[in-house]
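Student: Protein sequences appear in the order of chains C and X.
129 is the number that the UniProt record's numbering gives to position 129 of the first sequence; each next residue is one higher, with no gaps.
120 is the number that the UniProt record's numbering gives to position 120 of the second sequence; each next residue is one higher, with no gaps.
Please keep in mind that the hints were generated in silico from the structure rather than gathered at the bench.
A couple of the hints might just be wrong.
Straight-line distance between alpha carbons at most 30 Å, and here's what the computed DSSO-like set of lysine-lysine pairs gives [said to hold, decoys possible]:
| no. | chain 1 | residue 1 | chain 2 | residue 2 |
| --- | --- | --- | --- | --- |
| 1 | C | K183 | C | K258 |
| 2 | C | K183 | C | K41 |
| 3 | X | K425 | C | K8 |
| 4 | X | K425 | X | K528 |
| 5 | X | K417 | X | K21 |
| 6 | X | K528 | C | K8 |
| 7 | C | K8 | C | K264 |
| 8 | C | K264 | C | K190 |
| 9 | X | K21 | C | K8 |
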Amino acid sequence: MAEQEYQKYYVPEQSPWPIVGAVALFLIAVGAGNFVIESTKGESGFGGWILLAGIVTLLVMLIGWFNNQINESMNGMHSDQLGRSYRQGMSWFIFSEVMFFAAFFGALFYARVIAVPWLAGEGNNAMTNEVLWPGFEDMWPLTKTPGGTETTAMGWMGLPLYNTIILLVSSFTCHFAHVALEKEQRGKLKLMLGLTVLLGCIFLFLQVEEYVHAYREMNLTLQSGVYGNTFFLLTGFHGMHVTLGTIILIVLWLRIMKGHFTPKNHFAFQAGSWYWHFVDVVWVMLFFFVYIL
Amino acid sequence: MSTATEHAHDDHHHHMPTGIKRWIFTTNHKDIGTLYLWFAFIMFLVGGAMAMVIRAELFQPGLQIVEPNFFNQMTTVHGLIMVFGAVMPAFTGLANWLVPMMIGAPDMALPRMNNWSFWILPFAFIILLASLFMEGGGPAFGWTFYAPLSTTYSGDSTALFVFSVHIMGISSIMGAINVIVTIWNMRAPGMTWMKMPLFVWTWLITAFLLIAVMPVLAGAVTMVLTDKFFGTSFFDAAGGGDPVMFQHIFWFFGHPEVYIMILPAFGIISQIVPTFSRKKLFGYASMVYATTSIALLSFIVWAHHMFTTGMPVAAELFFMIATMLISVPTGVKVFNWVATMWRGSLTFEVPMLFALAFIVLFTIGGLSGLMLAITPVDFQYHDTYFVVAHFHYVLVSGAVFSIMAAVYYWLPKWTGKMFDVTLAKWHFWCSLISVNVLFFPMHFIGLAGMPRRIPDYALQFADFNKWISIGGFAFGLSQLIFLAVVIKACRKQGEPVSDQVWEGAEGLEWEIPSPAPYHTFETPPVVK
Ligand code: HEM
Ligand SMILES: [Cu+2]
Numbered sequence: 001m002a003e004q005e006y007q008k009y010y011v012p013e014q015s016p017w018p019i020v021g022a023v024a025l026f027l028i029a030v031g032a033g034n035f036v037i038e039s040t041k042g043e044s045g046f047g048g049w050i051l052l053a054g055i056v057t058l059l060v061m062l063i064g065w066f067n068n069q070i071n072e073s074m075n076g077m078h079s080d081q082l083g084r085s086y087r088q089g090m091s092w093f094i095f096s097e098v099m100f101f102a103a104f105f106g107a108l109f110y111a112r113v114i115a116v117p118w119l120a121g122e123g124n125n126a127m128t129n130e131v132l133w134p135g136f137e138d139m140w141p142l143t144k145t146p147g148g149t150e151t152t153a154m155g156w157m158g159l160p161l162y163n164t165i166i167l168l169v170s171s172f173t174c175h176f177a178h179v180a181l182e183k184e185q186r187g188k189l190k191l192m193l194g195l196t197v198l199l200g201c202i203f204l205f206l207q208v209e210e211y212v213h214a215y216r217e218m219n220l221t222l223q224s225g226v227y228g229n230t231f232f233l234l235t236g237f238h239g240m241h242v243t244l245g246t247i248i249l250i251v252l253w254l255r256i257m258k259g260h261f262t263p264k265n266h267f268a269f270q271a272g273s274w275y276w277h278f279v280d281v282v283w284v285m286l287f288f289f290v291y292i293l
Numbered sequence: 001m002s003t004a005t006e007h008a009h010d011d012h013h014h015h016m017p018t019g020i021k022r023w024i025f026t027t028n029h030k031d032i033g034t035l036y037l038w039f040a041f042i043m044f045l046v047g048g049a050m051a052m053v054i055r056a057e058l059f060q061p062g063l064q065i066v067e068p069n070f071f072n073q074m075t076t077v078h079g080l081i082m083v084f085g086a087v088m089p090a091f092t093g094l095a096n097w098l099v100p101m102m103i104g105a106p107d108m109a110l111p112r113m114n115n116w117s118f119w120i121l122p123f124a125f126i127i128l129l130a131s132l133f134m135e136g137g138g139p140a141f142g143w144t145f146y147a148p149l150s151t152t153y154s155g156d157s158t159a160l161f162v163f164s165v166h167i168m169g170i171s172s173i174m175g176a177i178n179v180i181v182t183i184w185n186m187r188a189p190g191m192t193w194m195k196m197p198l199f200v201w202t203w204l205i206t207a208f209l210l211i212a213v214m215p216v217l218a219g220a221v222t223m224v225l226t227d228k229f230f231g232t233s234f235f236d237a238a239g240g241g242d243p244v245m246f247q248h249i250f251w252f253f254g255h256p257e258v259y260i261m262i263l264p265a266f267g268i269i270s271q272i273v274p275t276f277s278r279k280k281l282f283g284y285a286s287m288v289y290a291t292t293s294i295a296l297l298s299f300i301v302w303a304h305h306m307f308t309t310g311m312p313v314a315a316e317l318f319f320m321i322a323t324m325l326i327s328v329p330t331g332v333k334v335f336n337w338v339a340t341m342w343r344g345s346l347t348f349e350v351p352m353l354f355a356l357a358f359i360v361l362f363t364i365g366g367l368s369g370l371m372l373a374i375t376p377v378d379f380q381y382h383d384t385y386f387v388v389a390h391f392h393y394v395l396v397s398g399a400v401f402s403i404m405a406a407v408y409y410w411l412p413k414w415t416g417k418m419f420d421v422t423l424a425k426w427h428f429w430c431s432l433i434s435v436n437v438l439f440f441p442m443h444f445i446g447l448a449g450m451p452r453r454i455p456d457y458a459l460q461f462a463d464f465n466k467w468i469s470i471g472g473f474a475f476g477l478s479q480l481i482f483l484a485v486v487i488k489a490c491r492k493q494g495e496p497v498s499d500q501v502w503e504g505a506e507g508l509e510w511e512i513p514s515p516a517p518y519h520t521f522e523t524p525p526v527v528k
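If we strip away everything but chain C, and leave its shape as in the complex, we get:
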């Protein structure tokens, strides 16, 4: 064995950052919990501040941890095997995100294919309709709930379509950036990644526009029954992921400006671009199932 070429696996010595991260999550959970209770009751309290403290702690932790990580990586302490661990870890993380969205898509399908038709009397549910929700009719988008709340459906033309095109294009620019990085074309890399960030920001801006439009003019809100619920939770969580993805890409762009990454050694870039593609795929699913169908 000893004769064989062997790259040592980097087992880091102690690190203060994980415990800081744990404290941050603690503050976030306590803060968010209290904030939700206080804000829905209209009371004042410390929840929001604790939440803010948690978020700040988390940011400090992320900066510290990543700095540490970047230094190690730039000093060549990371073996190929460690690189594989990171890639696999990132892939499994994305898989877990897929399953998170699956829960909400599942809710959408169930509500649409099972719950709403049953409330309207489908199958052996005639009496449910007759006795509990008389006059309720099956429809999707559910613009009139069994309880009588009315709303309007969001079409797929206009903003949603533009947003789809924007995200699809950004997937390509992100890919071109990756290719440029591997070919050591730094100028093109900066341009393409910058474009991706820009497209991400435009997407988010338009998404906010859409929400404003839905709330102000369409009477489509988070409270508009299960159509509004699935609409806002799916697009909302997606929007949060786009925000996160954009921040990641901005950090990558700054690192590239500082001359980081080589054609061979760029795990962070790869992870960021995987994440971006994942966010795009989720949007395509969303566009199809939430808007078009």
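Here the structure of chain C is known, so what remains is to put chain X with the ligands in place on it, guided by the hints.
Tutor: Coordinates of chain X with the ligands only, in the frame set by chain C:
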């Protein structure tokens, strides 16, 4: 088998940190394993104390000791703590200690994230436990937090419950990613897939299940949060939603979750039985395939928890048959354990005693599961003590016994000293007898119709309940013996043990010194 031992001592360049900092900042898989195991043990005692409250109240019919609302909080938090605070972290702790040593890796693949995953847990449970002291009390809707109990009819503390489950989930997912990447990427040269010890195999599959379903749980609690606080109606028919949808989403997580709590146990038993039978495990490959198929099937059986919700008959039939199918690979496992013992030179050291008890008692739980899987009869059994009996047989005399077996099996390797065998045998026999006094009569009162999760009951159930409570207190007290054994072992009392510890033990972890050095396999061994 390997050249492990030569390399085990070359840990000169890492100094051994001391004091509290060692534990807070650690990136060492053995330290983190120890932390997980102690945390799990403490939670086991806390959750156990709640079970004592439940059994004290149910000792006699009528309301005696606690308010009904507090009783509900006890059943709820007992369940949550035992599932997420005791059994899962204990298995993760074992994975941390053992997986790197079994596959010849220097540590877990992502050691800093490993520390993070652990330290989230104490905080998450502080939140959950603290919520018990809030105005209106803690969560009281059962560990399954069915809507509308958790939405329309729950207290403010639901928000804290939701976020504490969120961070527990983050912890589990990161822990699982770590395990899966370690196994995938860090095996020593020659440690091919089909040479991996079964504990490693079962954890690989468990980790996959965790990553697949913990996010679904996160989705479920999120919808509960928005339904309760932000006016959505996912689980409210008036808005076009459906409370039954909650159950679908929850059990899509929940059923794989119960396998998350039993697959590592299968792995442990598959390590222990061959050692004390002095034979190779019978049917290694079939064990791997059985584990895989149990895991895959676990995704399509969830609605066996929902037979009485009025699903269409086709769905009832589908879920009944799919559920029964699981008993085939489960049967394969039990068969293989028994076949491993067949004509072996058996000895009955403490880990083996627990393993044997596991095989018998888990099988009882599996059989009652099979009864529950039969849709028409489940209409009678559902939500009675029969279900409680079923899942305590598989979880307490199954999962928990396997954890105890594992602790007794590997403790000498961890500390370098043999634990107090006499005391451990006392622990075993007291636990074995009391666990049956505790849970066996639950079958009878369940079949007779006593509903679960109630603080009071009809007079005809009084005698059995008295015995159940006595068994419960006895089981609780028996665990203090376990605590004593473990504390003595951690103080390094006892006879030094050899590297192999147990005569028939095989595998990389038995080739390194006892106690296992702080760093092992910095240069990977070659497995032939
Ligand atoms: C042998 C295969 C098994 C079968 C066929 C089976 C079947 C079932 C069925 C049909 C139920 C629902 C009963 C009802 O609510 O009416 C149930 C409940 C339950 N089972 Fe199993 N089971 C099996 C193994 C396991 C294992 C291995 C575990 C965990 C280690 C487990 C844990 C549970 C739990 C915790 C519940 C109750 C959940 C609750 O309502 O609180 N089961 N089982
Ligand atoms: Cu199940």
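Student: Work down the list of hints and note, for each, if the structure agrees.
Tutor: Right, here's what the structure says about each hint:
no. : hint            : in the structure
1   : C:K183 / C:K258 : 18 Å, holds
2   : C:K183 / C:K41  : 57 Å, violated
3   : X:K425 / C:K8   : 44 Å, violated
4   : X:K425 / X:K528 : 37 Å, violated
5   : X:K417 / X:K21  : 26 Å, holds
6   : X:K528 / C:K8   : 21 Å, holds
7   : C:K8 / C:K264   : 19 Å, holds
8   : C:K264 / C:K190 : 17 Å, holds
9   : X:K21 / C:K8    : 26 Å, holds
Hint compliance for this structure: hints 2, 3 and 4 are not met, and every other hint is.
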